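*Asks:* Residue numbers (the working numbering), protein chains in the order written: chain A, 13 to 209; chain B, 13 to 209; chain C, 13 to 209; chain D, 13 to 209; chain E, 13 to 209; chain F, 13 to 209.
None of these hints come from the bench; they were simulated from the model.
A few of these clues could be false.
In silico lysine-lysine, BS3-like type, Cα no more than 30 Å apart, as pairs [unchecked claim]:
#1 D:LYS112 x F:LYS112
#2 D:LYS72 x D:LYS112
#3 E:LYS112 x B:LYS112
For clarity, every value in this text was computed on a predicted model and none was experimentally measured.
Protein chains: 6
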Amino acid sequence: MTAISRYPVPELKDLPEDMRTRILEVQAKAGFVPNVFLTLAHRPAEWRAFMAYHDALLVKDTGSLTKGEREMIIVTTSAANQCLYCVVAHGAILRVYEKKPMIADQVAVNHRKADIPPRQRAMLDFAMQVCTASHTVEEADFAALRAHGFGDEDIWDIAAITAFFGLSNRMANVIGMRPNDEFYLMGRVPKAPKPAA
Amino acid sequence: MTAISRYPVPELKDLPEDMRTRILEVQAKAGFVPNVFLTLAHRPAEWRAFMAYHDALLVKDTGSLTKGEREMIIVTTSAANQCLYCVVAHGAILRVYEKKPMIADQVAVNHRKADIPPRQRAMLDFAMQVCTASHTVEEADFAALRAHGFGDEDIWDIAAITAFFGLSNRMANVIGMRPNDEFYLMGRVPKAPKPAA
Amino acid sequence: MTAISRYPVPELKDLPEDMRTRILEVQAKAGFVPNVFLTLAHRPAEWRAFMAYHDALLVKDTGSLTKGEREMIIVTTSAANQCLYCVVAHGAILRVYEKKPMIADQVAVNHRKADIPPRQRAMLDFAMQVCTASHTVEEADFAALRAHGFGDEDIWDIAAITAFFGLSNRMANVIGMRPNDEFYLMGRVPKAPKPAA
Amino acid sequence: MTAISRYPVPELKDLPEDMRTRILEVQAKAGFVPNVFLTLAHRPAEWRAFMAYHDALLVKDTGSLTKGEREMIIVTTSAANQCLYCVVAHGAILRVYEKKPMIADQVAVNHRKADIPPRQRAMLDFAMQVCTASHTVEEADFAALRAHGFGDEDIWDIAAITAFFGLSNRMANVIGMRPNDEFYLMGRVPKAPKPAA
Amino acid sequence: MTAISRYPVPELKDLPEDMRTRILEVQAKAGFVPNVFLTLAHRPAEWRAFMAYHDALLVKDTGSLTKGEREMIIVTTSAANQCLYCVVAHGAILRVYEKKPMIADQVAVNHRKADIPPRQRAMLDFAMQVCTASHTVEEADFAALRAHGFGDEDIWDIAAITAFFGLSNRMANVIGMRPNDEFYLMGRVPKAPKPAA
Amino acid sequence: MTAISRYPVPELKDLPEDMRTRILEVQAKAGFVPNVFLTLAHRPAEWRAFMAYHDALLVKDTGSLTKGEREMIIVTTSAANQCLYCVVAHGAILRVYEKKPMIADQVAVNHRKADIPPRQRAMLDFAMQVCTASHTVEEADFAALRAHGFGDEDIWDIAAITAFFGLSNRMANVIGMRPNDEFYLMGRVPKAPKPAA
Numbered sequence: 013m014t015a016i017s018r019y020p021v022p023e024l025k026d027l028p029e030d031m032r033t034r035i036l037e038v039q040a041k042a043g044f045v046p047n048v049f050l051t052l053a054h055r056p057a058e059w060r061a062f063m064a065y066h067d068a069l070l071v072k073d074t075g076s077l078t079k080g081e082r083e084m085i086i087v088t089t090s091a092a093n094q095c096l097y098c099v100v101a102h103g104a105i106l107r108v109y110e111k112k113p114m115i116a117d118q119v120a121v122n123h124r125k126a127d128i129p130p131r132q133r134a135m136l137d138f139a140m141q142v143c144t145a146s147h148t149v150e151e152a153d154f155a156a157l158r159a160h161g162f163g164d165e166d167i168w169d170i171a172a173i174t175a176f177f178g179l180s181n182r183m184a185n186v187i188g189m190r191p192n193d194e195f196y197l198m199g200r201v202p203k204a205p206k207p208a209a
Numbered sequence: 013m014t015a016i017s018r019y020p021v022p023e024l025k026d027l028p029e030d031m032r033t034r035i036l037e038v039q040a041k042a043g044f045v046p047n048v049f050l051t052l053a054h055r056p057a058e059w060r061a062f063m064a065y066h067d068a069l070l071v072k073d074t075g076s077l078t079k080g081e082r083e084m085i086i087v088t089t090s091a092a093n094q095c096l097y098c099v100v101a102h103g104a105i106l107r108v109y110e111k112k113p114m115i116a117d118q119v120a121v122n123h124r125k126a127d128i129p130p131r132q133r134a135m136l137d138f139a140m141q142v143c144t145a146s147h148t149v150e151e152a153d154f155a156a157l158r159a160h161g162f163g164d165e166d167i168w169d170i171a172a173i174t175a176f177f178g179l180s181n182r183m184a185n186v187i188g189m190r191p192n193d194e195f196y197l198m199g200r201v202p203k204a205p206k207p208a209a
Numbered sequence: 013m014t015a016i017s018r019y020p021v022p023e024l025k026d027l028p029e030d031m032r033t034r035i036l037e038v039q040a041k042a043g044f045v046p047n048v049f050l051t052l053a054h055r056p057a058e059w060r061a062f063m064a065y066h067d068a069l070l071v072k073d074t075g076s077l078t079k080g081e082r083e084m085i086i087v088t089t090s091a092a093n094q095c096l097y098c099v100v101a102h103g104a105i106l107r108v109y110e111k112k113p114m115i116a117d118q119v120a121v122n123h124r125k126a127d128i129p130p131r132q133r134a135m136l137d138f139a140m141q142v143c144t145a146s147h148t149v150e151e152a153d154f155a156a157l158r159a160h161g162f163g164d165e166d167i168w169d170i171a172a173i174t175a176f177f178g179l180s181n182r183m184a185n186v187i188g189m190r191p192n193d194e195f196y197l198m199g200r201v202p203k204a205p206k207p208a209a
Numbered sequence: 013m014t015a016i017s018r019y020p021v022p023e024l025k026d027l028p029e030d031m032r033t034r035i036l037e038v039q040a041k042a043g044f045v046p047n048v049f050l051t052l053a054h055r056p057a058e059w060r061a062f063m064a065y066h067d068a069l070l071v072k073d074t075g076s077l078t079k080g081e082r083e084m085i086i087v088t089t090s091a092a093n094q095c096l097y098c099v100v101a102h103g104a105i106l107r108v109y110e111k112k113p114m115i116a117d118q119v120a121v122n123h124r125k126a127d128i129p130p131r132q133r134a135m136l137d138f139a140m141q142v143c144t145a146s147h148t149v150e151e152a153d154f155a156a157l158r159a160h161g162f163g164d165e166d167i168w169d170i171a172a173i174t175a176f177f178g179l180s181n182r183m184a185n186v187i188g189m190r191p192n193d194e195f196y197l198m199g200r201v202p203k204a205p206k207p208a209a
Numbered sequence: 013m014t015a016i017s018r019y020p021v022p023e024l025k026d027l028p029e030d031m032r033t034r035i036l037e038v039q040a041k042a043g044f045v046p047n048v049f050l051t052l053a054h055r056p057a058e059w060r061a062f063m064a065y066h067d068a069l070l071v072k073d074t075g076s077l078t079k080g081e082r083e084m085i086i087v088t089t090s091a092a093n094q095c096l097y098c099v100v101a102h103g104a105i106l107r108v109y110e111k112k113p114m115i116a117d118q119v120a121v122n123h124r125k126a127d128i129p130p131r132q133r134a135m136l137d138f139a140m141q142v143c144t145a146s147h148t149v150e151e152a153d154f155a156a157l158r159a160h161g162f163g164d165e166d167i168w169d170i171a172a173i174t175a176f177f178g179l180s181n182r183m184a185n186v187i188g189m190r191p192n193d194e195f196y197l198m199g200r201v202p203k204a205p206k207p208a209a
Numbered sequence: 013m014t015a016i017s018r019y020p021v022p023e024l025k026d027l028p029e030d031m032r033t034r035i036l037e038v039q040a041k042a043g044f045v046p047n048v049f050l051t052l053a054h055r056p057a058e059w060r061a062f063m064a065y066h067d068a069l070l071v072k073d074t075g076s077l078t079k080g081e082r083e084m085i086i087v088t089t090s091a092a093n094q095c096l097y098c099v100v101a102h103g104a105i106l107r108v109y110e111k112k113p114m115i116a117d118q119v120a121v122n123h124r125k126a127d128i129p130p131r132q133r134a135m136l137d138f139a140m141q142v143c144t145a146s147h148t149v150e151e152a153d154f155a156a157l158r159a160h161g162f163g164d165e166d167i168w169d170i171a172a173i174t175a176f177f178g179l180s181n182r183m184a185n186v187i188g189m190r191p192n193d194e195f196y197l198m199g200r201v202p203k204a205p206k207p208a209a
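Let's have the full structure, built from the sequences with the hints guiding it.
*Replies:* Shown next as structure tokens:
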């Protein structure tokens, strides 16, 4: 079997209590442990910061971005960064949240061709700008998003999700993080397991 | 005076205790509060994760990378991402740690021309690969670094520092984070103030 | 329902006999008519040339490339060209031929991370070179492929498949060719319908 | 003498009747056999599809694109793909059709500086977009062309010619197809021989 | 000590009279001899042409560009070309002329974030276009600059300064021209020495 | 008739004596005045420096580069910069010097396919590196050229010619410098006029 990381992957039983608890919760919810939880656990301090950042951006009730839209940003920009783990894992979560079995493949290949409304198109255009050329972001880019109803806090969310998964993409690419087989099919057929990070 | 962020910047007195304490510590050490602490404080949960990640990578005693080398990675890759805040702020810290007043300008413009030994050159080449094309990282890249004496944990460090500051660069570029004036001169003249994140 | 092309799509009954016959054959085999057959039928002469070229490259018994390998080349290079139709449709066919439900997503995101042997990796590296920088192809590139056991006729096959689908990708992108919904799931679950062009 | 292809080039006498007939017709008209006819004849089935596609796009009386404009598209995009055969051979044909001895060199180097009216400039801008970034083509690009009087069928023509010669460019680059010496001078001096594919 | 050039560097005493005189003048004014004067002196004829071109563009009283603006163009485009010598040396001169200790670092990292008025932003946008994609310059680009009050002669100046330092950047990069240590600090603290080419 | 420059072009009679003399000499030799002499004459001081630099690089007897090789460098890199004037004018001179009517078109489209020996191929590879990525030049690049028999002075020549024509390309692109009609045919037919700058 192919390794899920170039680095040593700790066993669940050897992890500190807080990490093990979180991982068991995810497992209970998703039916399996997404490999990101195990592979990054090689470095507990970074793991905790990573999860805290993740939760601060994705597990919250403020802002106008839906959970599906956040995943859409992740899949689109992760495809630009050619990160297999994030495209496959978050593609699964996107399908589940949006209840659209084709949306993840669409945004991963070319978000311009996806079946999405102009508001989401503008959101993804901006996410791609942050992903590939953040130094060019200017007031005019904020104005374009406001014209689609995004507030400044939403724009921060789009940028921060893109930036955080840019970090995640780079780590996954370097350590060779392998997506769990379960993700590939999740959300494509009626009775998919529930999503996890 | 030019704003230090496109977003509201909280006042120190309005911040939660843990954030205020950390910021006052930095101020005591550096003589001023680096703007990253105030501008990102607009989002306390993200701020806490950001600082935890930062500390996990930069404030630790393991691995063979020196503090100066970590800053070298930050300045080199932040220049590639055209992030004014990080090039200027971490350029200052790099000068202070390395006690080399010219090194930051050198790696920011072209790390290939910097006055550094082959080991650091290889380190920066890899950091640039992670920064601009992480999807191409393969075993051969690990082998090249090992040939310069870097262990696998060092390679994770190089990648993680690059990835984390890629996040930081994108946020700074989007919110228009302005470097403190103090950073520009720090470490260029004999009696520089002490560095801060 | 979203249109499958920016251009008029002829009805099966209005097509010339030879085209209708071919399309009905495909339908009988696949269970549906892949949209490429209908959307390109807007131009019968080009359709006939397209199908003849397609068959000359993909429906033949010579050479060492397996049917699955040919599809692998198509999916990898079509992803580089961001062609939704070809990635989704040929991704389906690839899964069916290779009986590997994850292979298409892997090569579409980053062929370097796919579960493939070095020979196929070299094949895809060359296909990507032809796709993105064919002017740089030289004798050394032929030598590298020969070292993996590819003969000169195989190399022509790799190049020609890449070149032909580069044509296909551009047409699909311009006319907004939409993949049939059926392709998204095909080959991912045990009882997939049989593949079609 | 330098070979005209990395691959075996069949002799005219060994080719199937239909191919030989077509080639002799071209020879009678042009005074020589353009190398594309001989080098691609290494693969008869592909040759037939190639010529059928070529004729469907270039030998027809419908649409508003003149024969010269079609060649202009070929030369401009083939230069972007750095295909020596197509730039030289179709540059010759372009000069002959347009009776402008300088136009081919102009569009090959920089179509923005060519002595062409705004309509042709818009046509070539779109061809270059299809050539280098077809995934970005959207309704606005169609609108821009319509503003110059191009109908949707003309736009298909521009795209299809670009796409087909993108295939041709890649094949020529890979097999090292050498332009006939005759093409270099054709159409530059008063009494040029007649053009051939 | 690191060499200031890959090539032999002539001694002042061995140079022709006109060259020595010019160099001594610069030394008297700046307090040291900028390395460009010595390293390029390896080729006297080229040195004389280089200095004549330099003076024609930078030592003149016509046009609306200030001396500081000319240096701003040099620093911005030299950073794009990753030329250590020109960024450091002309960064120093820029600081001195503009009496702004932070401006050089700002335009070198990202001219979009520099503390400059819209007129200078437009000037630098155009300089960057000439630096990286001069083949795309068209009437509309002239119009954009005229809207900011630049005359056609100013536009020539912006282009010529960019073009000339593009030459200088390439020579400096190839010969490994090292900036004098003095430049790094010049203009950052109250009593800086006077600038030199 | 199309203008030869966006800027005013002085009449020969209005030019200073030294400039008029040089231009008349060129006219006597070439049979016409190449437009670069007239268009750049809009700025006499820059014109003189330009011609002095030109002569220092191209009119000299030292070094191992032949006159034809110098023109080959100019045509190859000017094509990369998409400069119509330099490709057409120096393409003519290259044909005349080398007595090879096809060489200029070959190197302009793709120098890798030109009929040149490995030594010239290495020379052009390096020229292209200086043209497009001079910041990456390192000792290994010098070693590669030395292996083909180039001395360090030859390498300076290659770099300086590339750098100088990079300047020329940018000026020509910005002012819209038009090549004289005479250049297009020169050197393609037996009795060509003699070359001019």
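*Asks:* Can you list which hints this structure breaks, lowest number first?
*Replies:* The structure breaks none of the hints.
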